[in-house]
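Sequence order for the protein chains is V and A. Note that my numbering numbers the first sequence so that position 52 is 52, with each residue one more than the last. Note that my numbering numbers the second sequence so that position 17 is 17, with each residue one more than the last.
It is possible that some hints are incorrect.
Note that identical chains are pooled: a pair holds if it fits in a single copy or bridges any two copies.
Claimed, not checked - In silico lysine to any residue, SDA-like type, Cα no more than 25 Å apart, as pairs:
#1 Lys31 - Ile113
#2 Lys31 - Lys118
#3 Lys26 - Val126
#4 Lys117 - Pro38
#5 Lys104 - Ile94
#6 Lys19 - Phe108
#7 Lys111 - Ala13
#8 Lys117 - Pro129
#9 Lys76 - Glu32
#10 Lys25 - Pro38
#11 Lys111 - Gln124
#12 Lys111 - Gly16
#13 Lys103 - Thr78
#14 Lys31 - Gly105
#15 Lys111 - Thr78
#16 Lys35 - Val126
#17 Lys26 - Cys100
The hints are simulated quantities; they were obtained by calculation from the structure and are not laboratory data. From a predicted model like this one, the values you see are computed outputs, not experimental measurements.
Below are the chains, spelled out letter by letter.
Protein chains: 2
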Amino acid sequence: GVTKTTRKQKNSAIRGSRKAVVVTKKTYLRKEWCKTQPLKQIIREKGCLRTTVINSFCYGQCNSFFIPKSDKADDKPTAFMSCGFCKPRKYRWILVTLRCPGKKGMRFKRKRIMRIKKCRCMAQDVQFP
Amino acid sequence: GVTKTTRKQKNSAIRGSRKAVVVTKKTYLRKEWCKTQPLKQIIREKGCLRTTVINSFCYGQCNSFFIPKSDKADDKPTAFMSCGFCKPRKYRWILVTLRCPGKKGMRFKRKRIMRIKKCRCMAQDVQFP
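Please take these sequences and the hints and turn them into a complete structure.
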């Protein structure tokens, strides 16, 4: 069973930054999402024929929070901070060859492409203001 | 257990990075949230009596996306990127005075605190990997 009775904290403020972190994390459970969606990426280059690469893109909503705290040891104000970014977790660099027709015949150009395989909410580095 | 209902709505990939941006933004409408929640922040300092400041903290879920693209002009791979961070939009720096009892009587120490008034999802600077 549950040990502590949770009271409704609608009007009362949470006491302490650490408790706020716990409350925040409980609210977050199962809520964030980050999709990996197929994309036909069009590769262009001046003077070359365009081509298409099957790729993916990422979009979603990731958890973030900013909870002010004060340290005993540290004189400067600080915070518990976290910001999630829905971005590629698995990817590979590939080379795409483009055909570039010219007066002296066909030439070839290579372009480096990031082929995304899997997206995920991942913590982004953030700075205290 | 929780099962994710994934609709096979569109088997076809989106064509073009710009179109992906549009699709992403449409999906996002009204979805992100960022709360400003009351917090009793406890201010501590070594040798001083602790005190409490009525403050707020931020938490929520903000939009983010990562859509690979290739520029005609630019040879390097790049992306349309955005990452939202639920953080203080309005705040003020305040000074809190702590009472520090000692052998020579009471001393006072000041601590700088960030008093948060309003939180919002705001774009965070992100770098291409």
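Cross-check of the supplied hints:
1. In this assembly of identical chains, Lys31 and Ile113 lie within 25 Å of each other by CA distance neither inside one copy nor across copies; the values are 32 Å within and 31 Å between.
2. In this homomeric assembly, Lys31 and Lys118 come within 25 Å of each other (Cα to Cα) both inside a single copy, at 19 Å, and across copies, at 23 Å.
3. When the C-alpha separation of Lys26 and Val126 is checked against a cutoff of 25 Å, the pair qualifies only within one copy, where the shortest distance is 22 Å, while the shortest distance between copies is 27 Å.
4. For the homomeric pair Lys117 and Pro38, the shortest alpha-carbon distance inside one copy (9 Å) is at most 25 Å, but the shortest distance between copies (40 Å) is not.
5. For the homomeric pair Lys104 and Ile94, neither the shortest alpha-carbon distance inside one copy (28 Å) nor that between copies (71 Å) is at most 25 Å.
6. For the identical chains of this complex, Lys19 and Phe108 are neighbours neither inside a copy (60 Å) nor across copies (28 Å), given an alpha-carbon limit of 25 Å.
7. Within a single copy, Lys111 and Ala13 get their C-alpha atoms only as close as 55 Å, which misses the 25 Å cut-off; across copies the closest is 22 Å, which meets it.
8. For the identical chains of this complex, Lys117 and Pro129 are inter-copy neighbours only, at 15 Å across copies versus 34 Å inside a copy, given an alpha-carbon limit of 25 Å.
9. In this assembly of identical chains, the alpha carbons of Lys76 and Glu32 never lie at most 25 Å apart, being 32 Å within a copy and 31 Å across copies at closest.
10. In the homo-oligomer, the alpha carbons of Lys25 and Pro38 lie at most 25 Å apart only across protomers (16 Å), although the nearest pairing inside one protomer, at 31 Å, exceeds that limit.
11. Taking identical chains as interchangeable, the C-alpha atoms of Lys111 and Gln124 are never at most 25 Å apart, the minima being 28 Å within one chain and 29 Å between chains.
12. In this assembly of identical chains, the alpha carbons of Lys111 and Gly16 lie at most 25 Å apart only when taken from different copies (17 Å versus 53 Å within one copy).
13. In this homomeric assembly, Lys103 and Thr78 never come within 25 Å of each other (Cα to Cα): the closest approach is 63 Å inside a single copy and 31 Å across copies.
14. For the homomeric pair Lys31 and Gly105, neither the shortest alpha-carbon distance inside one copy (56 Å) nor that between copies (52 Å) is at most 25 Å.
15. Taking identical chains as interchangeable, the C-alpha atoms of Lys111 and Thr78 lie at most 25 Å apart only when they sit on different chains, with a minimum of 12 Å there against 44 Å within one chain.
16. Taking CA atoms no more than 25 Å apart as the test, Lys35 paired with Val126 passes in both settings, with 23 Å inside one copy and 19 Å between copies.
17. Taking the shortest Cα distances, Lys26 and Cys100 never come within 25 Å of each other, neither inside one copy (56 Å) nor across copies (36 Å).
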